[in-house]
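Based on the provided sequences and hints, a complete structural model is requested.
Number 949 marks the last residue of the sequence shown (UniProt numbering); no jumps.
Check the hints yourself; a few may be wrong.
What the hints assert, rightly or not - 30 Å max Cα-Cα, derived DSBU-like pairs, lysine-lysine: (1) Lys715 / Lys697; (2) Lys776 / Lys23; (3) Lys640 / Lys628; (4) Lys208 / Lys628; (5) Lys464 / Lys305; (6) Lys671 / Lys715; (7) Lys178 / Lys161; (8) Lys513 / Lys598.
Hints were generated in silico from the structure; no laboratory data involved.
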Amino acid sequence: MRLLNRIIYLNSMKYNPNEIEAKWQKIWRENQTFKTENESDKPKYYVLDMFPYPSGAGLHVGHPLGYIASDIFARYKRHKGFNVLHPQGYDSFGLPAEQYAIQTGQHPAVTTDVNITRYREQLDKIGFSFDWSREVRTSNADYYKHTQWIFIQLFNSWYNKATDKAESIASLVAVFEKEGNANVEAVCADNIAVFSADEWNALTADKKETVLLQYRLTYLAETEVNWCPALGTVLANDEIKDGLSERGGHPVVRKKMKQWSMRISAYAERLLQGLDTLDWTESIKESQRNWIGKSVGASITFNLKEGEDTIEVFTTRPDTVFGVSFMTLAPEHDLVMKITTPEQKAQVEAYIEATSKRSERDRMADVKTISGVFTGAYAEHPFTKEPIEIWIGDYVLAGYGTGAVMAVPAGDSRDYAFAKHFNIPIKNIFNQDISEEAFAEKEGFVLENSDFLNGLGYKEATAKVIAALEELGKGAGKTNYRLRDAVFSRQRYWGEPFPVYYVNGLPKMIDNKHLPIVLPEVEKYLPTEDGQPPLGNANVWAWDTVNNKVVDNALIDEKTIFPLELNTMPGWAGSSWYWMRYMDPSNTEDIASEEALKYWQNVDLYIGGSEHATGHLLYSRFWNKFLKDIGVAPTEEPFKKMINQGMILGTSAFVYRIDGTNTFISKDMIKDEKVQQLYAYVGLVNSSSELDTEAFKQWRPDYANAEFILNANGKYIVGHEVEKMSKSYFNVVNPDDICNEYGADTLRLYEMFLGPLEQAKPWNTAGISGVAGFLKKLWRLYADDNGVVVVDEAPSADMLKSLHKTIKKVTEDIENFSFNTSVSQFMICVNELSQQKCHHKAILEPLAILVAPYAPHIAEELWSMLGNTTSVSEAEFPIFKPEFLVESSKEYPVSFNGKMRFKIELPLDLTQEQIQEAVLADERTIAQLGGREPKKIIIVPGKIINLVG
Numbered sequence: 001m002r003l004l005n006r007i008i009y010l011n012s013m014k015y016n017p018n019e020i021e022a023k024w025q026k027i028w029r030e031n032q033t034f035k036t037e038n039e040s041d042k043p044k045y046y047v048l049d050m051f052p053y054p055s056g057a058g059l060h061v062g063h064p065l066g067y068i069a070s071d072i073f074a075r076y077k078r079h080k081g082f083n084v085l086h087p088q089g090y091d092s093f094g095l096p097a098e099q100y101a102i103q104t105g106q107h108p109a110v111t112t113d114v115n116i117t118r119y120r121e122q123l124d125k126i127g128f129s130f131d132w133s134r135e136v137r138t139s140n141a142d143y144y145k146h147t148q149w150i151f152i153q154l155f156n157s158w159y160n161k162a163t164d165k166a167e168s169i170a171s172l173v174a175v176f177e178k179e180g181n182a183n184v185e186a187v188c189a190d191n192i193a194v195f196s197a198d199e200w201n202a203l204t205a206d207k208k209e210t211v212l213l214q215y216r217l218t219y220l221a222e223t224e225v226n227w228c229p230a231l232g233t234v235l236a237n238d239e240i241k242d243g244l245s246e247r248g249g250h251p252v253v254r255k256k257m258k259q260w261s262m263r264i265s266a267y268a269e270r271l272l273q274g275l276d277t278l279d280w281t282e283s284i285k286e287s288q289r290n291w292i293g294k295s296v297g298a299s300i301t302f303n304l305k306e307g308e309d310t311i312e313v314f315t316t317r318p319d320t321v322f323g324v325s326f327m328t329l330a331p332e333h334d335l336v337m338k339i340t341t342p343e344q345k346a347q348v349e350a351y352i353e354a355t356s357k358r359s360e361r362d363r364m365a366d367v368k369t370i371s372g373v374f375t376g377a378y379a380e381h382p383f384t385k386e387p388i389e390i391w392i393g394d395y396v397l398a399g400y401g402t403g404a405v406m407a408v409p410a411g412d413s414r415d416y417a418f419a420k421h422f423n424i425p426i427k428n429i430f431n432q433d434i435s436e437e438a439f440a441e442k443e444g445f446v447l448e449n450s451d452f453l454n455g456l457g458y459k460e461a462t463a464k465v466i467a468a469l470e471e472l473g474k475g476a477g478k479t480n481y482r483l484r485d486a487v488f489s490r491q492r493y494w495g496e497p498f499p500v501y502y503v504n505g506l507p508k509m510i511d512n513k514h515l516p517i518v519l520p521e522v523e524k525y526l527p528t529e530d531g532q533p534p535l536g537n538a539n540v541w542a543w544d545t546v547n548n549k550v551v552d553n554a555l556i557d558e559k560t561i562f563p564l565e566l567n568t569m570p571g572w573a574g575s576s577w578y579w580m581r582y583m584d585p586s587n588t589e590d591i592a593s594e595e596a597l598k599y600w601q602n603v604d605l606y607i608g609g610s611e612h613a614t615g616h617l618l619y620s621r622f623w624n625k626f627l628k629d630i631g632v633a634p635t636e637e638p639f640k641k642m643i644n645q646g647m648i649l650g651t652s653a654f655v656y657r658i659d660g661t662n663t664f665i666s667k668d669m670i671k672d673e674k675v676q677q678l679y680a681y682v683g684l685v686n687s688s689s690e691l692d693t694e695a696f697k698q699w700r701p702d703y704a705n706a707e708f709i710l711n712a713n714g715k716y717i718v719g720h721e722v723e724k725m726s727k728s729y730f731n732v733v734n735p736d737d738i739c740n741e742y743g744a745d746t747l748r749l750y751e752m753f754l755g756p757l758e759q760a761k762p763w764n765t766a767g768i769s770g771v772a773g774f775l776k777k778l779w780r781l782y783a784d785d786n787g788v789v790v791v792d793e794a795p796s797a798d799m800l801k802s803l804h805k806t807i808k809k810v811t812e813d814i815e816n817f818s819f820n821t822s823v824s825q826f827m828i829c830v831n832e833l834s835q836q837k838c839h840h841k842a843i844l845e846p847l848a849i850l851v852a853p854y855a856p857h858i859a860e861e862l863w864s865m866l867g868n869t870t871s872v873s874e875a876e877f878p879i880f881k882p883e884f885l886v887e888s889s890k891e892y893p894v895s896f897n898g899k900m901r902f903k904i905e906l907p908l909d910l911t912q913e914q915i916q917e918a919v920l921a922d923e924r925t926i927a928q929l930g931g932r933e934p935k936k937i938i939i940v941p942g943k944i945i946n947l948v949g
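Right, dumping it as C-alpha cells:
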C-alpha cells in the first residue's frame, strides 16, 4: 500500500475547491499515485483514450468529455481490485504544426513542445489519473524508431493466401527459386507475368527487386492521390471537405504520383470477420463493414471492337449481363486517352480536367448529378458480340474495383438515369422480378428475344452466366472489396522519415540496428523550387552504406553513398501502434518487452470520437494483425471494447449588421432591414442574451466605431444557435475558466451530468452552478465552518437505505457507462442524508469512495478528514447489500369514505387486525369519526386503509 504525505489541514473548513485540488494534484504527482507496474497479482485492465493531437488552441470544454469518462472507469476499476493501465501521450507529428512553422518560421518541434506543455497543464488541472511515467510522443526519435522498424517489417513481408497471414519475403524468394510464381497464392499487384524458376534465376538483382515490389506489403507504385498544390502535399480523404483541404481551405486535385502504399487490402476479410469478436457499437461496426465493402460476384472481360485491349469489370449481378447498354470508365482509367476518338478528344480532356478538381469523397457522395462524356469507342459484348458504347463518368472511381462498370439501366437507377439523360438505348433483362409488360411501359426500353436466362431465378442465372464466361475465357466468379491499399507517403516535413535509400531508383531498407533515421534540420518547410518534398531542402540527407550513417548530399556517388527518401510518413503511422508502446515505453530495443505484451495483451476499453470510426481504427487493426502475424502482437485485435463519446456543442451568439453600414440592430428590433448575421464572442453576452456593446467595440478593431440600435429597454439582444464548439464560431468555453471559478470536480461532474455519454449535448455554463452547489452540500455532511462533524455512531435504517440505493445505482451506471444518471443519484443521496442529518462515518466513508471516480479531489479530502492516510483510490469499492433496501414499514394512505385524509407509517409485518387496531387508536382517526363507529373497515395489507361510514 502506497503511503501518502502526512495531510496538512486547511486553515478554514469551508469547501475551497482551488486549494483542495492544487493540494491533491501535488500529492498525486509527488507520490506517483497512479503509476502502474507491469507485474501484479491483480487482474489487468487497460483503459485508453484516442491519441490527442496537441494543437495551439489548447483544450475547450468539449475535449475532456471522453477523458473524464475513461478516468471514471479507470478509477472505478482500481477500486474493484484491478491493476489499471491508464496512460496518455501525444500524436505530435502532423500538418498543422508544419503549416504554423511555414507561417512563423518557428521549428515545428518548438511549437509542438509548447502546445504539449499547455495540454499537460490543462489535463493535470482536471485531475486525470494518468500514469504520466509512460507518456509517449510520436515525434520523438526514440518512439518513431519503432515506427520505422514496423515499416521495414512490412516491406520485408508478403501475404500468403494459403496460410492467410503475412510471411517473410525470403520465403517467397525461395519458392520463386524452386518453382517460379505460377502456383503462388499471394495478395499482389494485378497482371503479374507468370515465370518459371529458371526465368526467375536468370533475372538481374534489380529486375528481381522490381518483381518483389509487386508482392511486398508496403510498396512503391503509381497511385491516384489527392494533391493540394497550396499545401504541397498529398491529403487523405478525411483531410478534404467539399473539394478543399480541411486545413486552410485550399483546392485539392486528383493526380498520379509515385507513392509508398500499404497493402491493407490483403487483410480485408480478416478485418471484416474480426468485427464479430469486438464489443463495439453496431454503428461503428457497420461503418467499418461499409468501408471494407465486401461484394461477391464475377469478373467479366469485354474486348474492344478495335484493338487488342480489354476492359475488365466487376459486378455483383453477372446475371444482368444481357442488359448491358453501355460501359463507363473512371476518367483516370489508363485506357481512356488510348481509346478516345479524335472527334471526342477535346470533350474527354475537358471532363478529365474538371474531374481532377473533385475529391473521391465528393464523387461518391454525389448521387444527383448526371455527367459523363462518350469516348467514341465501343466494347464487344462477350456473348452477343454487339457493340457497347464506352463512356467516362466521375461517379466511377479508378481505385475501386477495376475502374470500369458495365451499366445495366434495367437493373440500376443510376444507370437508368444516365442512359435516359444521354439517350442511350436500354436493354431488357429477362430474369428481373418484373414482367416484360412492365418494362415495355417504360419509355426507351428495348425488348430482346433471348431465352438464355428466361425463367431462371437469381442464383441459377448467376451460376449459369459465370459458367458460360469461364468456358469462353471471358470471366470468373470473384469476391471484391471496396477497401483499397492506403497511400503512405506525404510530401511534408513534420513526419516520420522513411528508413529508405535508393540504389538505381530502387528502394533499399536501412538495417534495423541503425535506427532511428532522425528527421534532419531544414531552413524551409515548403517544397523545393523544383517540386521536391520539403526534405529536398536538407543538405545532409544521404546514406553512407559503408559507415552506416546520414551524410552530406554532396557526397552522393551512387556507389556507396545514396539519396534518402524525401517523403515522410502520414500522421496515422505513429497512431497505428501506440497502445503497445504504453505497455513498455522505456524499452530501447523493442516496441515492448515480450513479458509486457503478454501481460497487458490489448486495450480493454477504448474511448474516442466517432470521426475515427473508419480510418484510424482500420489502420490500427491492420497493423495489429500484421504484428500478430510476425509474432509481436499477442492478440488479433487491439481494442476489445470501444465507445464513441458524443460532442459537446457550443451556443453561438449572433449580432446583426445592417447591410452597407457599421450599425448593429438588436435582434428583436429587426423588421424589414437587410442584415448580415455575424458571430460574436459568447463571453460578451450575459445569460439574458444581452450584448455588452462597449466590450464588443473593443473586441475587434473593425467594430471600434460600431453603432447600435437598441430595444425599448436599452438592450442589444443577440441571436443564438447550438452548433459545433469551434474557435472560428467564437463559442469556445475554456475549461481553465470553469476550473478557476468552480473547480475541476464541478467541471467533471457537470460534463457527465449533461446527458448520455454517446449523445451530442449543448454546453450551458449557467447550469453549472447547480453541480457546484451539490458539492458544497456534500462537504457539509462532513464538516462545517468550525471543523469535522463526523460521528462514529450507528447509522439509522434510512441512512443505510440511502447509501445502498446509491451503491447499487452507481455500480450499475458505471458498468453501463451511464454516468449522467449517477450524478443525479449522488444529488438524491446527499439531499436525503442532509434531511436525515447524517454525519455518520459508517455512511460517509463509503460515500466518499463512491464519489471518488467522479470528483476525485473532494473525495480525497473527505477521505483524509475521516482519518485515512492512504489515497482514496486504493480503497475497495463499496458492495451493495440488498437487505438494506428491504422495506420494513409502509406509509399507508388512510381514507374515509374514499377520500384520503392522512398517512400513517406502520410495520409491514402487522396482521390485518393489528393494522385496524393501530388506525382506530390514532388521534386523527378519532377526530375524523367524531365518536361514531365505522360501518366497515377495508384493509389491503401493504396498500390501502379505507374506513366507511
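Results for each hint:
no.	hint	in the structure
1	Lys715 / Lys697	holds (15 Å)
2	Lys776 / Lys23	holds (18 Å)
3	Lys640 / Lys628	holds (15 Å)
4	Lys208 / Lys628	holds (28 Å)
5	Lys464 / Lys305	holds (25 Å)
6	Lys671 / Lys715	holds (17 Å)
7	Lys178 / Lys161	holds (19 Å)
8	Lys513 / Lys598	holds (24 Å)
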